[in-house]
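Keeping their order, the protein sequence lines are chains A and B.
Residue numbering for the first sequence is 6 to 342, as defined by the numbering used here.
Residue numbering for the second sequence is 6 to 342, as defined by the numbering used here.
No lab work stands behind these hints: they were computed from the structure.
Incorrect hints may appear among the rest.
Copies of the same chain look alike in the list, so a pair counts if it fits in one copy or across any two.
The calculated lysine to aspartate or glutamate pairs, modelled on DMTMM-like cross-linking and capped at a C-alpha distance of 25 Å, are [to be verified]:
(1) K11 x E187
(2) K242 x E204
(3) K41 x E219
(4) K242 x D12
Number of protein chains: 2
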Amino acid sequence: MSEIRKDYATPTWVVFSAARSQRPGAFRNTKDATPKADCPFCEGHEGMTPPEVLAYRDGGTADGPGWSIRCVPNKFPALERSGEVREHRDGLLVSVDGVGAHEVIVESSDHDGHLANLPDLQVEDVLRAYAERHRALAADRRVRYVQIFKNHGERAGASFSHPHSQVIAIPIVPLRILEEIEGIRAHGAEGDVGCLYCEILRRELEMERRIVVENESFVALEPFAARFPFETWILPKAHERAFDSVSDADRRVLARSLKDVLGRLYRALDDPSFNYYIHTAPVREREAAYHWHLEITPHLTEIAGFERGTGFYINPVVPEDAAAILRGEIRWTSRPE
Amino acid sequence: MSEIRKDYATPTWVVFSAARSQRPGAFRNTKDATPKADCPFCEGHEGMTPPEVLAYRDGGTADGPGWSIRCVPNKFPALERSGEVREHRDGLLVSVDGVGAHEVIVESSDHDGHLANLPDLQVEDVLRAYAERHRALAADRRVRYVQIFKNHGERAGASFSHPHSQVIAIPIVPLRILEEIEGIRAHGAEGDVGCLYCEILRRELEMERRIVVENESFVALEPFAARFPFETWILPKAHERAFDSVSDADRRVLARSLKDVLGRLYRALDDPSFNYYIHTAPVREREAAYHWHLEITPHLTEIAGFERGTGFYINPVVPEDAAAILRGEIRWTSRPE
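With the rest of the complex left out, here is chain A (with noise of 0.2 Å):
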């Protein structure tokens, strides 16, 4: 049974999962680029994964070949299905049961895929299947919270070179959002009317500076405080609380933004790892204020002793710079050859 264990003294949560240590480069020296006779999420090698949870096909059975995503269970979860949520304390020892779900979405059948080069209506599909794999894993009363990510390259983190992404169902609000709520909440205190992402989208289109890309329906940007070196966030445009609530319409466009800035990343940064990451209003808080977005963090710089001992972030690229690169309107002459 996995943990999720807190600090004695700070609101720092750790999962522990013994399965998690089993699996391919857990310990990172591994290349992530796994050759496709190997490879789990490749078609026709259906059996080495559990039984899907979800597909989209033209053709063809459950766990067999012919889908053009296919949603899995992750064979090494962090979380597991079964069992209550009981919170254990032990004096300064705080724990919760390591209760929720892990799944991973391959995001095309082609090995060697990357979003930016997909078609437009396989990402869409991949946003959909984000959305439904969402709604599903909330209707589960265990679960507080739904993150949806992405981890690709080996220096961010993918065990596997095929395009894939993963959703993990937690029984608390993670700390990330629980910030974010606060800040909300407190720039509303402040007798604004307005949300505070809306007030970020209207100061940085009006400052312009920082923008990557805008669209009718979403903007891309840069913003302000970037912890990491083209560091390039996704809003919509409209106030919308939740990822799963975005429209047919927009998330048609949503995929053609998305497209777009990793194309721009890629071609800027030579294919750079990256993760990317979905904030949405978490489940069961009906009455907190959200502003849903997907942030993007490429890994081209460590986190060293100085990130990890205070929490703060050293940045050599300010984001102006990264917007203007990510624009074509400046190469990036730092980038190393």
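Add chain B to chain A, keeping to what the hints say.
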């Protein structure tokens, strides 16, 4: 001029430093095995660094050979020593001028040295240099915290393999220190008379299973909610608020403890990349209760999308196992070959 910016919504601060982008390995694809001929920290190469601010030497003159420990300003500083700490507020955009200090402490003239293998007296001198520079920088009225830390190995962000530590003085109390102070305050408010960290020591020594090693003055343990595999803390048994007030006698014992723990990590994990950093009381907040300690975090796993998205961590090694491995009772079987 460097700039320290706050995230729109959350208590995340980021240091933007153009100088940092020029340093070797800023975007990590250089190896950290700097050849001696190019090493700015080797004896005889003193001209490759800014003038020293502290050195322990038997003979010779400032900025010449003959030293055993040498402290110099970082050539690529995250923060600069000149100017006033002005705060800038423009609606959602909050920043502070990047004033502070950034220094390097060269731990030995031996290019291939490792703290775990240096003579006891040398490690004691490294700790003495930490305390001296902490006191010197804390005397600057603009400084609110002094972070002493070490990056060892490329994965841990070290640009140079020659053994060295760093000191960054910042004009803001870091988030993680504030969180610990709040944890200590909350613990006290529950009617407990003792310090939270004193209580952690009492409980953990009683339970034994997360203790790595103990001597007359210090305890090394794997914390209950270790964020990283083999994360190890060293805490003084006596309630001591600040690192720079450690007595000479205790510093001698601490040097032994630190060498011992680093040696255990070296042997069990085959010279892993790691960071350590000293958490000590902020320099201005005289009333805040604190209990200094040193945290060591090896780099064996990647921080991926789930961690970046949530602020949670996934750790595949429970601290009880890590402690048993570091005590030499069991071998680490998941260790990558």
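How the hints compare with the structure:
| no. | hint | result |
| --- | --- | --- |
| 1 | K11 x E187 | both (20 Å within a copy, 15 Å between copies) |
| 2 | K242 x E204 | within (10 Å within a copy, 50 Å between copies) |
| 3 | K41 x E219 | neither (37 Å within a copy, 50 Å between copies) |
| 4 | K242 x D12 | between (37 Å within a copy, 19 Å between copies) |
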